[in-house]
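Undergrad: If you want the building blocks of each chain, they are given just below.
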Amino acid sequence: MTGCKMKPHHDMGGDSAGPIMPDKPDDPIFAKPWHKRVLGLTVAGGAMGAWSIDTSRFWRENLPKADYQSFSYYEKWLAALTNLFVARGFVTREEIINGLPSGPKQPLHAAALGADRVLAMLAAGAKASRPEIAKPLFQEGQKVRTRLPDATKRQMPGHTRLPHYAADKIGVILFYHGHHVLPNSNAHFLGECPEPLYSVEFSSADLWPDGHAGDVVIVDCWQSYLEPMT
Amino acid sequence: MPHDHHDEDAHSLLPSEPALRVKALETILVQKGLIDPAAVDAIIDRYEHHIGPQIGAGLIARAWSDPAFKAQLVNNTDGILSDLGFGGRQGEHIVVVENTPDCHNLVVCTLCSCYPWPVLGVPPAWYKSDAYRSRAVREPRQVLAEFGVIIPPEQKIRVWDSTAEIRYLVLPMQPAQSRGLDESELASWVNRNAMIGTGLPQPPAKT
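Chains as they are written, first to last, in the numbering used here: chain A, 886 to 1115; chain B, 1063 to 1269.
Chain A on its own, in the form it takes in the complex (with noise of 0.2 Å):
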């Protein structure tokens, strides 16, 4: 497939941006009412197990880029679920447009989230770390390149976690996590794929132009993404 050669809209590291708004320390945890039931509904939805984090982050950020740009965060949330919801199965376009279910009201899917689940649920969470099938290729310390996002992917479009402004860069490995989940291939339904998962430091300088000497950025890397310095 070509195309998708662009920086998604996404992947906003390193672009140029105007000033940052903190808050104030009495402002509401959310500011609109609504916006606290788009994250229950999230968060509930994805308890049911029908589809992982991955696959949620790949639906948000593969909105169309007018939406992505104009929605705010819960927006897009928001926007993600219904449109997972629907590609899952779960429920119709027809459903969405009337805003009504098409048949009579259902007992709690085997699935769904009950309310005396919460606690436990949000208490476990889920561990992305799998047990190691392989030893590590890279020690820390070592020097490694990264590779270029689109190469990372499973399919176009696709999910990677590398972001543009640290493809194609020389970093040193900090640490190694053990073997975690590939979201380049979990969020497509095309298996979990645990691989090591490293911290990757580039120094600053080398990743922007007007980079300050002595900083760095960290980002967190799977093994293929990475490729040994000869």
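Take the hints with a grain of salt, since some may be wrong.
Below are the BS3-like pairs computed for lysine-lysine, each with C-alpha atoms no more than 27 Å apart in a straight line [unchecked claim]:
hint	chain 1	residue 1	chain 2	residue 2
1	A	1054	A	1028
2	B	1190	A	950
3	B	1085	B	1190
4	A	909	B	1190
5	A	1038	A	892
6	A	917	B	1085
7	B	1190	A	1054
8	A	1054	A	1020
9	A	950	A	917
10	A	1020	A	1038
11	B	1218	B	1132
12	A	1012	B	1132
13	B	1085	A	950
14	A	1012	A	1038
15	A	1038	B	1190
16	A	1054	A	892
17	A	1038	A	950
18	A	892	A	1028
19	B	1085	A	990
20	A	1054	A	1038
21	A	950	A	892
22	B	1218	B	1190
23	B	1268	A	909
24	B	1190	A	917
25	A	1012	B	1190
26	A	1054	B	1218
27	A	1038	A	1028
28	A	1028	B	1218
29	A	892	B	1190
Source of the hints: derived by calculation from the structure; they are not laboratory data.
No experiment lies behind these values; they were computed from the predicted model shown.
Assemble the complex: chain A is given as a structure, and chain B must be docked to it using the hints.
TA: Just chain B, lined up with the frame of chain A:
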């Protein structure tokens, strides 16, 4: 082309006003038995009233007061958080990064808005903003200045871009003026931004 179908994305079929859009989706999901509205209420309650930066502040204050605890927090983070009941969703793999006179740490997620929820709660709007996500990796010193934090040129900045499921929590330096205070007093010096790296510990506001 992969994006051609987007005009027909299901989300575009919802009402245009966001509050109505949420209500429309929730109505359908509840009627179909896919969502228990009481579970949604319970999730909101946790993040609105229970899980927040006071948890992280308590950990930092204890680390300042107790060197053995600090060593555990830094070296066995997930184990100690689990023992204390502070692990969980979006904090399954936490790494504590310690500020020193030589090094200041700053946390960002350029690709979305990953954040250590179990110890800091839900992220503030600025953390999720395009401006912070864009600029923190490239010009951290200017970004910090906008938060009122000036880092001397000789102090190195490490910016942690949360691209995987590792979540970073900054362990700030204890201010000299706070030495000798007890743990609960110290916790009031630790603000949320100090644990992201966009702030420094401050004396609590006088009441």
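Undergrad: Against this structure, judge whether each hint is valid.
TA: Comparing the hints with the structure gives:
Between residue 1054 of chain A and residue 1028 of chain A the CA atoms are separated by roughly 10 Å; this keeps the pair inside 27 Å, and the hint holds. Taking the CA atoms of residue 1190 of chain B and residue 950 of chain A, the gap is about 17 Å. The hint holds against a cut of 27 Å. Distance check on the hinted pair: residue 1085 of chain B and residue 1190 of chain B sit about 24 Å apart at the alpha-carbon level, within 27 Å; holds. A threshold of 27 Å between alpha carbons decides the hint, and for residue 909 of chain A with residue 1190 of chain B the separation of about 15 Å falls inside it, so the pair holds.
Straight-line distance between C-alpha atoms of residue 1038 of chain A and residue 892 of chain A comes to about 13 Å, which keeps the hinted pair within the 27 Å bound. About 13 Å separates the Cα atoms of residue 917 of chain A and residue 1085 of chain B, which keeps this hinted pair within 27 Å; it holds. For the suggested pair residue 1190 of chain B and residue 1054 of chain A, the alpha carbons sit about 26 Å apart, so the restraint of at most 27 Å is met. For the given pair, residue 1054 of chain A sits about 24 Å from residue 1020 of chain A by alpha-carbon distance, which is consistent with the 27 Å threshold.
In summary, the hint linking residue 950 of chain A to residue 917 of chain A is supported, as the alpha carbons are separated by about 24 Å, within the 27 Å threshold. Between residue 1020 of chain A and residue 1038 of chain A the alpha-carbon distance is near 23 Å, which keeps this suggested pair within the 27 Å criterion. A C-alpha spacing of about 22 Å is found between residue 1218 of chain B and residue 1132 of chain B, which places the hinted pair at or below 27 Å, so the restraint holds. Annotation: proposed proximity of residue 1012 of chain A to residue 1132 of chain B holds, straight-line Cα distance about 24 Å (limit 27 Å).
Taking the CA atoms of residue 1085 of chain B and residue 950 of chain A, the gap is about 25 Å. The hint holds against a cut of 27 Å. Taking the CA atoms of residue 1012 of chain A and residue 1038 of chain A, the gap is about 22 Å. The hint holds against a cut of 27 Å. Between the alpha carbons of residue 1038 of chain A and residue 1190 of chain B the distance comes to roughly 25 Å, so the proposed pair stays at or under 27 Å and holds. Simply put, residue 1054 of chain A and residue 892 of chain A have alpha-carbon atoms about 16 Å apart, close enough for the 27 Å limit, and the pair holds.
For the given pair, residue 1038 of chain A sits about 19 Å from residue 950 of chain A by alpha-carbon distance, which is consistent with the 27 Å threshold. Restraint check for residue 892 of chain A and residue 1028 of chain A: satisfied, since their Cα atoms lie roughly 25 Å apart, inside the 27 Å limit. Among the hinted pairs, residue 1085 of chain B with residue 990 of chain A is consistent with the structure: their alpha-carbon atoms are about 16 Å apart, no more than 27 Å. Note on residue 1054 of chain A and residue 1038 of chain A: the hinted pairing holds, with a Cα-Cα distance of about 18 Å set against a maximum of 27 Å.
Annotation: proposed proximity of residue 950 of chain A to residue 892 of chain A holds, straight-line Cα distance about 12 Å (limit 27 Å). Straight-line distance between C-alpha atoms of residue 1218 of chain B and residue 1190 of chain B comes to about 25 Å, which keeps the hinted pair within the 27 Å bound. Taking the CA atoms of residue 1268 of chain B and residue 909 of chain A, the gap is about 16 Å. The hint holds against a cut of 27 Å. Taking the CA atoms of residue 1190 of chain B and residue 917 of chain A, the gap is about 16 Å. The hint holds against a cut of 27 Å.
Straight-line distance between C-alpha atoms of residue 1012 of chain A and residue 1190 of chain B comes to about 23 Å, which keeps the hinted pair within the 27 Å bound. Between residue 1054 of chain A and residue 1218 of chain B the CA atoms are separated by roughly 20 Å; this keeps the pair inside 27 Å, and the hint holds. With a C-alpha separation of about 23 Å, the suggested pairing of residue 1038 of chain A with residue 1028 of chain A holds against the 27 Å cut-off. For the hint linking residue 1028 of chain A to residue 1218 of chain B, the alpha-carbon distance of about 20 Å falls within 27 Å, and the restraint holds.
Of the supplied pair hints, the one linking residue 892 of chain A and residue 1190 of chain B holds, its CA atoms being roughly 19 Å apart against a limit of 27 Å.
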